[in-house]
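Keeping their order, the protein sequence lines are chains D, X, F and H.
Read in order, the letters of the first sequence correspond to residues 529 to 834 in this note's numbering.
Read in order, the letters of the second sequence correspond to residues 529 to 834 in this note's numbering.
Read in order, the letters of the third sequence correspond to residues 84 to 332 in this note's numbering.
Read in order, the letters of the fourth sequence correspond to residues 84 to 332 in this note's numbering.
These are calculated hints, taken from the structure and not from any lab test.
Given the structure is predicted, the values throughout are model-derived calculations rather than measurements.
Don't take each hint at face value.
Said to hold, decoys possible - As a list, the in silico DMTMM-like pairs of lysine to aspartate or glutamate whose alpha-carbon atoms are at most 20 Å apart:
(1) F/229 to F/244
(2) D/756 to X/723
(3) H/317 to X/612
(4) D/592 to X/772
(5) D/592 to F/85
(6) D/592 to D/607
(7) F/155 to X/813
(8) D/581 to F/146
(9) X/614 to H/325
(10) F/124 to F/146
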Amino acid sequence: MASISTRIGTFSIENPVLLASGILDETSGSILRSLREGAGAAVTKSIGVTERKGYSTPVISEIKTGLLNAVGLSNPGIENFVEEYKNFPEKRKVVVSIFGGNVEEFSILARRVEQAGFDKVELNLSCPHVKGVGSEVGQDPELVEEIIAEIKGHTSLQVWAKLSPNVTDLVALAKAAQKADAYVLINTLRAIGVEIYSRKFSLSNVVGGYSGPGIKPVALRAVYDVYKETQKDIVGVGGITTWEDAVEFFLLGARAIEVGTAFIYEDYPIYSKINKGLSDYLDSEGFSRLDDIVGVMVKDGAFKGH
Amino acid sequence: MASISTRIGTFSIENPVLLASGILDETSGSILRSLREGAGAAVTKSIGVTERKGYSTPVISEIKTGLLNAVGLSNPGIENFVEEYKNFPEKRKVVVSIFGGNVEEFSILARRVEQAGFDKVELNLSCPHVKGVGSEVGQDPELVEEIIAEIKGHTSLQVWAKLSPNVTDLVALAKAAQKADAYVLINTLRAIGVEIYSRKFSLSNVVGGYSGPGIKPVALRAVYDVYKETQKDIVGVGGITTWEDAVEFFLLGARAIEVGTAFIYEDYPIYSKINKGLSDYLDSEGFSRLDDIVGVMVKDGAFKGH
Amino acid sequence: MEHSRVIEITRQNKDVFTLRFDSSIKAKPGQFLMLWVPGGKEVPMSLSDTSNPAAITFRTFGETTRAISLLKAGDRFYYRGPYGNSYPVPSGKVAYIAGGTGLASLNAMIMKYAGDVFVGARTKEDLFLLGDGYNVATDDGSAGFKGTVVDLFIPNAWKYDYVYVCGPEQMVKALIDKLGKDIKARIYISLERLMKCGIGICDSCSINGIRVCRDGTIFNIDQVRNMSEFGVFKRNESGKIEFFVNGKR
Amino acid sequence: MEHSRVIEITRQNKDVFTLRFDSSIKAKPGQFLMLWVPGGKEVPMSLSDTSNPAAITFRTFGETTRAISLLKAGDRFYYRGPYGNSYPVPSGKVAYIAGGTGLASLNAMIMKYAGDVFVGARTKEDLFLLGDGYNVATDDGSAGFKGTVVDLFIPNAWKYDYVYVCGPEQMVKALIDKLGKDIKARIYISLERLMKCGIGICDSCSINGIRVCRDGTIFNIDQVRNMSEFGVFKRNESGKIEFFVNGKR
Ligand SMILES: Cc1cc2nc3c(=O)[nH]c(=O)nc-3n(C[C@H](O)[C@H](O)[C@H](O)COP(=O)(O)OP(=O)(O)OC[C@H]3O[C@@H](n4cnc5c(N)ncnc54)[C@H](O)[C@@H]3O)c2cc1C
Ligand SMILES: Cc1cc2nc3c(=O)[nH]c(=O)nc-3n(C[C@H](O)[C@H](O)[C@H](O)COP(=O)(O)OP(=O)(O)OC[C@H]3O[C@@H](n4cnc5c(N)ncnc54)[C@H](O)[C@@H]3O)c2cc1C
Ligand SMILES: Cc1cc2nc3c(=O)[nH]c(=O)nc-3n(C[C@H](O)[C@H](O)[C@H](O)COP(=O)(O)O)c2cc1C
Ligand SMILES: Cc1cc2nc3c(=O)[nH]c(=O)nc-3n(C[C@H](O)[C@H](O)[C@H](O)COP(=O)(O)O)c2cc1C
Ligand code: FES
Ligand code: FES
Numbered sequence: 529m530a531s532i533s534t535r536i537g538t539f540s541i542e543n544p545v546l547l548a549s550g551i552l553d554e555t556s557g558s559i560l561r562s563l564r565e566g567a568g569a570a571v572t573k574s575i576g577v578t579e580r581k582g583y584s585t586p587v588i589s590e591i592k593t594g595l596l597n598a599v600g601l602s603n604p605g606i607e608n609f610v611e612e613y614k615n616f617p618e619k620r621k622v623v624v625s626i627f628g629g630n631v632e633e634f635s636i637l638a639r640r641v642e643q644a645g646f647d648k649v650e651l652n653l654s655c656p657h658v659k660g661v662g663s664e665v666g667q668d669p670e671l672v673e674e675i676i677a678e679i680k681g682h683t684s685l686q687v688w689a690k691l692s693p694n695v696t697d698l699v700a701l702a703k704a705a706q707k708a709d710a711y712v713l714i715n716t717l718r719a720i721g722v723e724i725y726s727r728k729f730s731l732s733n734v735v736g737g738y739s740g741p742g743i744k745p746v747a748l749r750a751v752y753d754v755y756k757e758t759q760k761d762i763v764g765v766g767g768i769t770t771w772e773d774a775v776e777f778f779l780l781g782a783r784a785i786e787v788g789t790a791f792i793y794e795d796y797p798i799y800s801k802i803n804k805g806l807s808d809y810l811d812s813e814g815f816s817r818l819d820d821i822v823g824v825m826v827k828d829g830a831f832k833g834h
Numbered sequence: 529m530a531s532i533s534t535r536i537g538t539f540s541i542e543n544p545v546l547l548a549s550g551i552l553d554e555t556s557g558s559i560l561r562s563l564r565e566g567a568g569a570a571v572t573k574s575i576g577v578t579e580r581k582g583y584s585t586p587v588i589s590e591i592k593t594g595l596l597n598a599v600g601l602s603n604p605g606i607e608n609f610v611e612e613y614k615n616f617p618e619k620r621k622v623v624v625s626i627f628g629g630n631v632e633e634f635s636i637l638a639r640r641v642e643q644a645g646f647d648k649v650e651l652n653l654s655c656p657h658v659k660g661v662g663s664e665v666g667q668d669p670e671l672v673e674e675i676i677a678e679i680k681g682h683t684s685l686q687v688w689a690k691l692s693p694n695v696t697d698l699v700a701l702a703k704a705a706q707k708a709d710a711y712v713l714i715n716t717l718r719a720i721g722v723e724i725y726s727r728k729f730s731l732s733n734v735v736g737g738y739s740g741p742g743i744k745p746v747a748l749r750a751v752y753d754v755y756k757e758t759q760k761d762i763v764g765v766g767g768i769t770t771w772e773d774a775v776e777f778f779l780l781g782a783r784a785i786e787v788g789t790a791f792i793y794e795d796y797p798i799y800s801k802i803n804k805g806l807s808d809y810l811d812s813e814g815f816s817r818l819d820d821i822v823g824v825m826v827k828d829g830a831f832k833g834h
Numbered sequence: 084m085e086h087s088r089v090i091e092i093t094r095q096n097k098d099v100f101t102l103r104f105d106s107s108i109k110a111k112p113g114q115f116l117m118l119w120v121p122g123g124k125e126v127p128m129s130l131s132d133t134s135n136p137a138a139i140t141f142r143t144f145g146e147t148t149r150a151i152s153l154l155k156a157g158d159r160f161y162y163r164g165p166y167g168n169s170y171p172v173p174s175g176k177v178a179y180i181a182g183g184t185g186l187a188s189l190n191a192m193i194m195k196y197a198g199d200v201f202v203g204a205r206t207k208e209d210l211f212l213l214g215d216g217y218n219v220a221t222d223d224g225s226a227g228f229k230g231t232v233v234d235l236f237i238p239n240a241w242k243y244d245y246v247y248v249c250g251p252e253q254m255v256k257a258l259i260d261k262l263g264k265d266i267k268a269r270i271y272i273s274l275e276r277l278m279k280c281g282i283g284i285c286d287s288c289s290i291n292g293i294r295v296c297r298d299g300t301i302f303n304i305d306q307v308r309n310m311s312e313f314g315v316f317k318r319n320e321s322g323k324i325e326f327f328v329n330g331k332r
Numbered sequence: 084m085e086h087s088r089v090i091e092i093t094r095q096n097k098d099v100f101t102l103r104f105d106s107s108i109k110a111k112p113g114q115f116l117m118l119w120v121p122g123g124k125e126v127p128m129s130l131s132d133t134s135n136p137a138a139i140t141f142r143t144f145g146e147t148t149r150a151i152s153l154l155k156a157g158d159r160f161y162y163r164g165p166y167g168n169s170y171p172v173p174s175g176k177v178a179y180i181a182g183g184t185g186l187a188s189l190n191a192m193i194m195k196y197a198g199d200v201f202v203g204a205r206t207k208e209d210l211f212l213l214g215d216g217y218n219v220a221t222d223d224g225s226a227g228f229k230g231t232v233v234d235l236f237i238p239n240a241w242k243y244d245y246v247y248v249c250g251p252e253q254m255v256k257a258l259i260d261k262l263g264k265d266i267k268a269r270i271y272i273s274l275e276r277l278m279k280c281g282i283g284i285c286d287s288c289s290i291n292g293i294r295v296c297r298d299g300t301i302f303n304i305d306q307v308r309n310m311s312e313f314g315v316f317k318r319n320e321s322g323k324i325e326f327f328v329n330g331k332r
């Protein structure tokens, strides 16, 4: 049977299917459940310096092609987070997602995460619907560069930079983030939902993030563009619902993937389904390990012949 | 029965459902068919200065949430176009879409279109997959401003500016285009499709444009953002498949809409279905004309109370 | 979101209302809706009647429930769902144990399957939807048994084959603690936690990694016993842990 | 795109091949696939056999058809479809009129419904898929009747109730022009135009606003008579009008 283990930066992972930030990861109990049910690793909900209640409900809206959300970065704040994870048994399999409004906040958060015994952070440089943080920070290449330099300079954390697809030039942003150990592509697309009978917006915050099957073609393009230019380690995310979707990301250069919205359709069996489908695909297509297909469609000339 | 007539710039239209550029509008016969089957107006395929064969097939790929295409701006060139439309009976209901690589090309095209007896152009500032034209031009606010100033200065054409959603700041782009008579929002999203068994791209050009139901939430956000800031006339386009979709765009400020990919699902009856649904909606919700719902969700305060 | 129109709103007591609405919703007893009206938040609400037309019964806690209580016949009302699992079908002798608005959820069941109903409230004025022969407990003794509904029920526990429970977390906790492990009845408990999504993705309702909205809301007593967090702490809107002060809900 | 594997490729003559493939495709005679193999374009191709396993029969015109002809048993082969409408079911006496690779499309029909087959080709070597008793015409007289298949058929036209036609546009045009308007037979014609999308949205196959790929490919003779562009001009890949030089295809 083909091996589906993988590696992101210095992190070796049993399997490449990770839990995305913001879905079923507000409580340590659910993070543990994902790991038990087959996730290779899990990313936490994005944590900030202080407690945030997020937006009023409605914070999600299911649509035909996916999901709209504006949860509003609700989180208990870093100190409560650290307290909750004091005795957590699997810290090496947890990637702590952090968000901040400036270099200093990111710096505080990263140091605290490291002290608390974690060794990986995912930087949320891309949440599209909260003022002053997320993509408002992450669309500024200089700030992105500074934040990453600061964290890499003062901690020994592995740093994953989660970038926004809502930009004119994603590759330029990726280059600004090149000191990161890996890129996570993509966060949600800025979007709106409308209710035609109440004539109100679907989300209390009006603007939200769009995830699920409908954003997959954009996510694939992001992975392709960035991998082609940087050949760095990439975690693909955006609309992955089946093992076939996952294979598409690997072929374009992702070494691991994250799943979020797919929980609505597949729930926890998503991990075993993707892992099994992937391993069967590798076997039947004659590959012995996942690595053999990573980026094959992008490596020079591989797509000639169309 | 509620009136569904509308107006874009100085153009009064019997009904607000238009044919989008690039779908069933390569031949004058099909443009005429759309008008006969109930389109309020029809936009032509984008026309350039010289003949272009476009990309090799495959140029389209159907996916679960819509369509990927990279037709490659195939068109017979402006002279052949003008020749074909010499005796066309409904020039006032045709909007000629034009694309070019610089101010001069747009200028040549616009003058020729006017000489040929048309009075409206849609500027394709947004095709996401052809080098040197479309969004490569349309992402540069200064160039956009110049192109529009040139055309408005030297012709009496109504100018519709079709903008790209693949940008960090759509509102800035819209402001650069403010001399246009209307905005058309949105063109396709840059995207990629992958075939996992051949391990080839779905489109011969690799990168293509994503349209259909999956892009509607992004199109709605674009219309909302631009209408809120500019209150200008907007033609909404992107993923409209049902009359309910159309209503969503009107509530956010669009005064007319275009349909493209929906033909795959609904074919020509799309016009009568949307027109009927719209008129029934207005009646049953107690509005006497389309105008009564245009932008109501954006006008100040209308979304308070969530 | 779906929408439907209010058929009627009936006032049950000083702050409890039943809203019947016009919709061909297909739900089973124990399921809930995520409900929204302009001016409010989106809130979870059990169906107190799953026949057609269906109904909800609610107490006016805050802005949303107040906004709902102000609707008139013919007004629109918006919802998603029904969500959550449902109470299993009983056989043999049946009891229902309701604390506070927990009776709303159990009511849909009581309408379908006869059984002995035990209802608890703070005081007489808080009672609602009372049927003939209901066993009532009030904290202040203003109606029925003086004490908690748990204390009223416990001596009778041995009589039943199926027991359905819905009420405040501290009440349920007390019930579980006081019931012996050797009780013969099958006991099903509908839990309530803060809910934001209702469809199992936001994690705000989870107890030990188990989502009340999607894995529940109804669990058997052993599942609840295994939740070490149950009755100990809940979470606020930020996800922060807040310990229960004993007796407070 | 779907994919399936080649079962076998049979050479029919110097440049015509039949490819049988392993797929549970459900198609009706007259339908086509959009077919792709690495190294080629995506091209429309009629099914020459719609039973299971199905087949296509094609002439090697250029890069794509050559690439397909080089496939081996077991190789993968990619497609979308089946697309287009299908030949109506006949009753009474049936004739088939095929020009060039038009026989591929008609062949699926011939296998299901017996009828007299009229086949035209430039020369003997261009013939393929010939069955017993086929009426053959060649331009150079190297086999059967010397002349066009249209001239061979016309004197027999009065005999038939259902006539199915597939061939080059100039051949079909000649047939229509030579057939009287008072012909009793129902005549169905499968048209061919440049196709990019195959699903009715790109407009590259349209004749007078009628899409060959989605409104057809099969039309009755009156529909074709009403197409003022038919036989007069076609369009190249840019959409530019190119007039037919009489007799050239
Ligand atoms: C599955 C489920 C079923 C329910 N069924 C009923 C019912 O049938 N009848 C009934 O009266 N009540 C029911 N509730 C409780 C109901 O959701 C709250 O009363 C309502 O949310 C209060 O909203 P508010 O804006 O009026 O009050 P607020 O001022 O917002 O809050 C009052 C209290 O309501 C609770 N609450 C607020 N928001 C939520 C939320 N999103 N999810 C859960 N609790 C919340 C909080 O504990 C708060 O202390 C149910 C709750 C759940 C989880
Ligand atoms: C509905 C339909 C059914 C067809 N069925 C058959 C069949 O059963 N057997 C068969 O041999 N041929 C069939 N053809 C023709 C076949 O599609 C062309 O032979 C093929 O596209 C040639 O491709 P190439 O790359 O080998 O040649 P090229 O070098 O590309 O071109 C050779 C000729 O093929 C034609 N052609 C090229 N691309 C297309 C296209 N996208 N659509 C239509 N024509 C094109 C052009 O007229 C060109 O002159 C069919 C065409 C259509 C429209
Ligand atoms: C409800 C919800 C909450 C989210 N919260 C966060 C978050 O806190 N931080 C973050 O980086 N991404 C967040 N995301 C984005 C996801 O991590 C992911 O990038 C996106 O949903 C695309 O993946 P998917 O299509 O598999 O869901 C959230 C997404 C959803 C649906
Ligand atoms: C096959 C195809 C070709 C297109 N060609 C053009 C074009 O030439 N010019 C242009 O401005 N937009 C073009 N578009 C974009 C559409 O006009 C429209 O903006 C987009 O498809 C979104 O609308 P829809 O979801 O209704 O299709 C094309 C779209 C498709 C699907
Ligand atoms: S309410 Fe979101 S997971 Fe239960
Ligand atoms: S091939 Fe595109 S419309 Fe027929």
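Just pull the numbers of the violated hints for me, sorted ascending.
1 and 6
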